[in-house]
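Colleague: Each chain is listed here by its residues.
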Amino acid sequence: MSLTNLLTYVGLVAVFPGFVFTAVVGLLSSWFDRKLSARLQWRVGPPWYQSFADVAKLLGKETVVPAGSAKLVFLGAPFVGFAAVVVVSTILWMASIRPDGAFVGDLIVVLYLLYVPSLAIIIGGSASRNPFAALGASREMKLMLAYEVGFLISAFTLVVKNGGIVSLGGMVAYQQASGPMLSQGISCIIAFIVALIYVPAKLAVGPFDIPEAECELISGPFTEYSGVPLAAFKLTKAMLMCVLPVFLITVFATTAWSPWAILWYVLILVFVVLIKNTNPRLRIDQALRFFWGPVLVLSIVGIVLASLGL
Amino acid sequence: MRTTIPVGPYHPLIEEPELFRVVVEGERVVDIDWRTSYMHRGIEKIAESKTYDQVVFLVERICGICSTSHPIAFCNAVEDLVGVEIPERARYIRSIVAELERIHSHLLWLGLAGHYIGYHTVWMWSWKYRELVCDLFEKISGNRQSYAMIKPGGVRQDIKASEYGGIVKAMDELEPKMNMLIGAILDDPVMLARLKGVGKLSREDAVKRCTVGPVARSAGVDIDVRRDYPYAAYDAVEWNVITQTDGDVLAMAVVRLLEILEAVKIVRQCVDGIPEGPILEEIPEVPPGEGIGVEEAPRGECFHYVRSDGTNCPYRLKVRAPTYSNLPSFRSRFIGERVADIMIILASIDPCYCCTNRAVRMEDGKPLRMLDEKNLLDLSWERTKELERSFPQRSRSWLEI
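So the protein lines, in turn, are chains A and B. Numbering (this note's numbering) for the first sequence: 1 to 310. Numbering (this note's numbering) for the second sequence: 1001 to 1401.
Worth double-checking, as some hints may not be accurate.
What the hints assert, rightly or not - Keeping only pairs whose Cα atoms sit at most 27 Å apart, straight-line, the calculated DSSO-like set for lysine-lysine is:
(1) 1169(B) with 1128(B)
(2) 71(A) with 237(A)
(3) 1177(B) with 35(A)
(4) 1139(B) with 1265(B)
(5) 1200(B) with 35(A)
(6) 142(A) with 57(A)
(7) 1385(B) with 1045(B)
(8) 71(A) with 57(A)
(9) 1196(B) with 142(A)
Said to hold, decoys possible - Simulated DEER-style distance windows between Cβ atoms:
(10) 262(A) with 1041(B): 51 to 59 Å
(11) 149(A) with 1021(B): 56 to 64 Å
(12) 1013(B) with 67(A): 20 to 28 Å
(13) 42(A) with 1049(B): 42 to 50 Å
(14) 62(A) with 1312(B): 55 to 63 Å
(15) 266(A) with 1386(B): 58 to 66 Å
(16) 1146(B) with 42(A): 34 to 42 Å
(17) 98(A) with 1025(B): 52 to 60 Å
Worth flagging that the hints you see were computed from the coordinates, not collected in a lab. All residues carry an ideal CB built from backbone N, CA and C; glycine is no exception.
The following block holds chain A by itself, in its conformation from the complex (with noise of 0.2 Å):
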């Protein structure tokens, strides 16, 4: 590989359209969410800088690590996360912009690197050692297991739908030639519903944010980090914000590389937010019978339209 090449790739991942782009885009969606927040409960909201600059505070913040804790792990984590969520966006905006290239990853490598984040907050929960971050962690776990299934077969839904191509790439020139995927019949519109509740699940916004509710722990997982470790945390969620509105796009309306995707992408975010400030938190055993009752039961009726070719 030669230093050019290698120099694009270097890039790609950390500025454009990996790191720097998807942080700053993440960023501005959760200004977004919160001041669409604030003013659905008749409050100002911040600034639109307002997410930058708490990144930045905390960058500039003492990192305490508690007595007693699994130092690297607790350390470690966030960052795992943090590099997780880079590599899904690169992933993500290169199979938008040049559908046809040479940039590797398919939707299971998307699929497995989703996961990773999760992980890291269970894992650095966990090794805090702290009762509040033990709870929070457990929760989320619970959480993971129950919003995981119903994505996977919404997702796979789309693969039988499209005759098996599992590239990204791929799936964006298959879109490009035979139109969206949302129109392509009335399984993928059922895939698209399960993968919609998917993102505030993930994102661990309410009705969801049961990980880390305030109210009873703290901020559970998260409840002994502080300075660097916690900007990174702090960054994930709000990259995940953009990549999963951005993954939606992909899969099944159109390229993330378009002029609708902004509409799509506003609209996506729009209905999480509703959705955050119309309902209270679920406990986490009915988050469990929602998702494995009706969500579950959805997406396998997805997955079967789309076997008869519906």
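Mind docking chain B on chain A? Use the hints.
Modeller: Below, chain B without anything else, positioned relative to chain A:
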């Protein structure tokens, strides 16, 4: 595996210091123990060195939320002691102030309850509607909280005829909003899923644990000081005591929500029926003797006992805030519940822990003696020295700061 989750003494959610040791197995609560009285302020003791008129201001500061309940209960006790009848107009004004306070207190609770179950929209909306009442108080008394309206023998300030319109207007504005809020909360399936059947208090337990106020009423115990021992103008207006039968968190919410509507009703009738006349019956001196006064605070029965030795200061003042009666109901309500429901059950009695604080020194399980100011100071110095001994480094760094 059993884990103890400490809720307090400093918890980000609860604004007062108190400690609940919740023992959990997984997500289930198996035991609970609590400690309050981190914030003993010695109010009963201070009251003995203040004149009757000054004590009103003192007891007004027992609670920041039901800040007119304690003065009314205290004045009821003094008036009981002296045997004085307060003027009609003062009765009505007391009712108006007390009911407005009930509205803002219940709205405050509703907001906090929303916050505790992660429903921030309810929190912000009910606190916005509460502003209407706080603004009204500012117009009437000059203060949003701690209105200083009550005085032994009547009220300190009159409500001017020009202010009636404002009160009625605020009530007209509030009522549809309350109906909307009540509908939005009670028709929300997710809300019901979170509140129904949670932290159940049986009728027997409610009686056995001596619960008062909305907590008792939600479990089907039909008690209300306003009806049972009428004071102020409550016997002159039409209103209902709201009761429910389930005793769960939902029932407690329903009782409070419907009480807001009853309070609106009472305020309207009081403004309509308020007679002209004096607002104060002067009490020239307080004879030796004792008196009791009760008031239905938003949280339940508030009880004051006053003993006089004939001087201008009470010889003894005894206060029992409603939270003190409601706290013991926790144990029977917690066992078997989930961790996620801890906060909302704690909140369901609308607690005011600092109002309940007591200081009794125990030795071998027996109360030794009541502590006076000097003893308390000595104790606190002793404790500081103990802390300095056990954390020598840390206390030095505190000094450096």
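Colleague: Each hint should be assessed against the structure and marked as holding or not.
Modeller: Against the structure, the hints:
1. A threshold of 27 Å between alpha carbons decides the hint, and for residue 1169(B) with residue 1128(B) the separation of about 17 Å falls inside it, so the pair holds.
2. Note on residue 71(A) and residue 237(A): the hinted pairing holds, with a Cα-Cα distance of about 22 Å set against a maximum of 27 Å.
3. Between residue 1177(B) and residue 35(A) the alpha-carbon distance is near 24 Å, which keeps this suggested pair within the 27 Å criterion.
4. About 20 Å separates the Cα atoms of residue 1139(B) and residue 1265(B), which keeps this hinted pair within 27 Å; it holds.
5. At roughly 38 Å between alpha-carbon atoms, residue 1200(B) and residue 35(A) are farther apart than 27 Å, so this suggested pair is violated.
6. For a cut-off of 27 Å, the pair hint linking residue 142(A) to residue 57(A) is broken: about 32 Å separates their Cα positions.
7. Between residue 1385(B) and residue 1045(B) the alpha-carbon distance is near 26 Å, which keeps this suggested pair within the 27 Å criterion.
8. This hinted pair checks out: residue 71(A) and residue 57(A) have alpha carbons roughly 23 Å apart, not beyond 27 Å.
9. For the hint linking residue 1196(B) to residue 142(A), the alpha-carbon distance of about 23 Å falls within 27 Å, and the restraint holds.
10. Residue 262(A) and residue 1041(B) have their C-beta atoms about 58 Å apart, which keeps the hinted 51 to 59 Å range intact.
11. For residue 149(A) and residue 1021(B), the hinted distance range of 56 to 64 Å is not satisfied, since their beta carbons lie about 37 Å from each other.
12. Checked against the given bound of 20 to 28 Å, the beta carbons of residue 1013(B) and residue 67(A), roughly 25 Å apart, stay inside it.
13. At about 45 Å, the beta-carbon gap between residue 42(A) and residue 1049(B) stays in the expected band of 42 to 50 Å.
14. In this structure the supplied range 55 to 63 Å holds for residue 62(A) paired with residue 1312(B), their Cβ-Cβ distance being about 56 Å.
15. Judged by the Cβ atoms, the range 58 to 66 Å given for residue 266(A) and residue 1386(B) holds: they are separated by roughly 59 Å.
16. Remark: the range hint 34 to 42 Å for residue 1146(B) to residue 42(A) is contradicted by a beta-carbon distance near 26 Å.
17. Against the hinted window of 52 to 60 Å, the Cβ-Cβ separation of residue 98(A) and residue 1025(B) comes to about 54 Å, which satisfies the hint.
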